[in-house]
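Each of the two chains sits in its own frame; use the hints to bring them together as a complex.
What follows is the residue order along each chain.
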Amino acid sequence: GESVGLHLPTLSVQEGDNSIINCAYSNSASDYFIWYKQESGKGPQFIIDIRSNMDKRQGQRVTVLLNKTVKHLSLQIAATQPGDSAVYFCAEPQGGAQKLVFGQGTRLTINP
Amino acid sequence: SQTIHQWPATLVQPVGSPLSLECTVEGTSNPNLYWYRQAAGRGLQLLFYSVGIGQISSEVPQNLSASRPQDRQFILSSKKLLLSDSGFYLCACYGSYEQYFGPGTRLTVT
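Top to bottom, those sequences are chains A and B. Residue numbering for the first sequence follows the working numbering, starting at 120 and increasing by one per position. Residue numbering for the second sequence follows the working numbering, starting at 594 and increasing by one per position.
Treat the hints with care, as some may be off.
Footprint (simulated), chain A over chain B, 3 or more residues, beta carbon under 8 Å [claimed, not checked]: (1) 638–644; (2) 691–700.
Under the rule of at most 30 Å between Cα atoms (straight-line distance), these lysine-lysine pairs were calculated in the DSS-like manner [as the list claims (entries may be wrong)]: (3) A/Lys218 to A/Lys187; (4) B/Lys672 to A/Lys161; (5) A/Lys218 to A/Lys175; (6) A/Lys190 to A/Lys175; (7) A/Lys175 to A/Lys161; (8) A/Lys161 to A/Lys218; (9) A/Lys190 to A/Lys218; (10) A/Lys161 to B/Lys673; (11) B/Lys672 to A/Lys218; (12) A/Lys218 to B/Lys673; (13) A/Lys175 to A/Lys187.
For each label pair, taking beta carbons as the anchor points, the in silico distance ranges come out as [unchecked claim]: (14) B/Val605 to A/Ala197: 39 to 45 Å; (15) B/Lys672 to A/Glu134: 46 to 52 Å; (16) A/Asn186 to B/Lys672: 43 to 49 Å; (17) B/Ile646 to A/Gln200: 42 to 48 Å; (18) B/Ser658 to A/Gly214: 16 to 22 Å; (19) B/Gly609 to A/Gly202: 39 to 45 Å; (20) A/Arg180 to B/Val605: 36 to 42 Å; (21) A/Gly135 to B/Gly645: 44 to 50 Å; (22) A/Gln179 to B/Ser658: 37 to 43 Å.
The set of hints was computed from the structure by calculation and includes no laboratory data. Cβ coordinates follow ideal geometry from the N, Cα and C atoms, glycine included.
The following block holds chain B by itself, in its conformation from the complex (with noise of 0.2 Å):
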């Protein structure tokens, strides 16, 4: 089974400087992964997914980026923080029949 890891587990960045948050995947080959976003108290917003290497599809405008330089690993970056990209980041990994999460990035832009 997969297994997903992110880092780091928590993060408190200043409004204006640069993110960069990593997400690798265990246990599969060529995954579908997922960048989504959890506001406190809140569902799931979808960011990006990437059904391959060098893929990013972007689902809402917004401030940050996503890469996927290597088969298992998904990558989110920004620029400038804003203090509204505070949040939990979860990645995702599409297996057999369902996506799996990891264990989240919790972000605080101060």
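Bound conformation, chain A alone (with noise of 0.2 Å):
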């Protein structure tokens, strides 16, 4: 079936610095995609999410770019601080009953 999933499995940053994080999917059809951050031993935390009639959506300190042209969307982090050290995943809705299909994830890690 199709899915997403993330071109690096980690990923490490200076504090300060801003982050990016990579996400692939494969279905052309997919309309809703959703960011997620998973700190250590803890239930994965809803960061924002995208629809794709839009390009871009911000939030605090994130920002979300699909590219449906690609099939690629991105987690922009900026000015990385050492909370952010997490796993970041991105998911999208599959099958209806708001199923979520997630990829591997990304961990991020905050240099000092």
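This is the structure:
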């Protein structure tokens, strides 16, 4: 079946730098994507979402970009802080009943 | 907003023993409920979902079962645990426009 996937399993950035986490999807009909943050030992937490009628959506220090041409989305975190250390997942609804399919995740590590 | 409770938080069980993990939800009624499993360093795999009391759908063949005896209660069970059942089990609930996750149960089968 079609699913979302991640380009990189790990990402290390310097504190204060911007982080970019990427995600590719395969279904050109996908119309809604969600980014989750999962801290160690905890459940995933919603960060931001985007619908396919948008190219960009901004939240607090986070921006999601959607490129439907190449079926790619990214999560940008500005001025990365130690508290941003976590695994980040992209997800999309699939198959009804609001079920979500998750990518494998990217572990973001912040270097002091 | 929804609050999801899971217990126990951690569990160590021998192979062949039974399992019962419980999830309860507050702040909503008639929610869609989900059980996910997460292996170490991996993504989330949907195991079961429920759209109402007594309605369970299984996503993958496995050694586990699920039940929903009450509107806001979702239980994950096994009669005999396997080593491969080890993992982090997450209960989730669909809210206004997103899935909310519980704190999870870490299960180690020895």
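Evaluated hints:
Counting residues of the region 638–644 of chain B whose CB lies closer than 8 Å to any CB of chain A gives 3, so the stated coverage by that chain holds, three being the minimum. Taking a C-beta to C-beta cut-off of 8 Å, the region 691–700 of chain B contributes 8 residues in contact with chain A, enough for the three needed, and the coverage statement holds. Proximity of A/Lys218 to A/Lys187 is assessed by CA-CA distance (about 22 Å); at most 30 Å being required, the pair is judged to hold. Between B/Lys672 and A/Lys161 the alpha-carbon distance is near 27 Å, which keeps this suggested pair within the 30 Å criterion.
For the suggested pair A/Lys218 and A/Lys175, the alpha carbons sit about 24 Å apart, so the restraint of at most 30 Å is met. With a C-alpha separation of about 14 Å, the suggested pair A/Lys190 and A/Lys175 falls inside the 30 Å cut-off, and the hint holds. Our distance criterion of 30 Å between C-alpha atoms is met by A/Lys175 and A/Lys161, whose separation comes to about 28 Å. Simply put, A/Lys161 and A/Lys218 have alpha-carbon atoms about 20 Å apart, close enough for the 30 Å limit, and the pair holds.
Among the hinted pairs, A/Lys190 with A/Lys218 is consistent with the structure: their alpha-carbon atoms are about 20 Å apart, no more than 30 Å. With a CA separation close to 26 Å, the supplied pair A/Lys161 and B/Lys673 stays within the 30 Å bound. In summary, the hint linking B/Lys672 to A/Lys218 is supported, as the alpha carbons are separated by about 26 Å, within the 30 Å threshold. A distance of roughly 27 Å separates the Cα atoms of A/Lys218 and B/Lys673; the hinted pair therefore holds under the 30 Å criterion.
Of the pairs offered as hints, the one joining A/Lys175 and A/Lys187 holds, with about 11 Å between alpha carbons and a cut-off of 30 Å not exceeded. In this structure, B/Val605 and A/Ala197 meet the distance hint of 39 to 45 Å, their C-beta atoms being roughly 41 Å apart. Between B/Lys672 and A/Glu134, the C-beta spacing of about 49 Å keeps the proposed range 46 to 52 Å intact. For A/Asn186 and B/Lys672, the hinted distance range of 43 to 49 Å is satisfied, since their beta carbons lie about 48 Å from each other.
Between B/Ile646 and A/Gln200 the C-beta distance comes to about 43 Å, which sits within the given range of 42 to 48 Å. A C-beta distance of roughly 20 Å is found between B/Ser658 and A/Gly214, which places it inside the suggested range of 16 to 22 Å. Checked against the hint of 39 to 45 Å, the C-beta distance between B/Gly609 and A/Gly202 comes to roughly 42 Å, which is consistent with it. Roughly 39 Å separates the CB atoms of A/Arg180 and B/Val605, a value that falls within the hinted 36 to 42 Å.
Separation of A/Gly135 from B/Gly645 is about 49 Å and conforms to the stated range, judged on CB atoms against 44 to 50 Å. Between A/Gln179 and B/Ser658 the Cβ separation comes to about 41 Å, which falls inside the hinted range of 37 to 43 Å.
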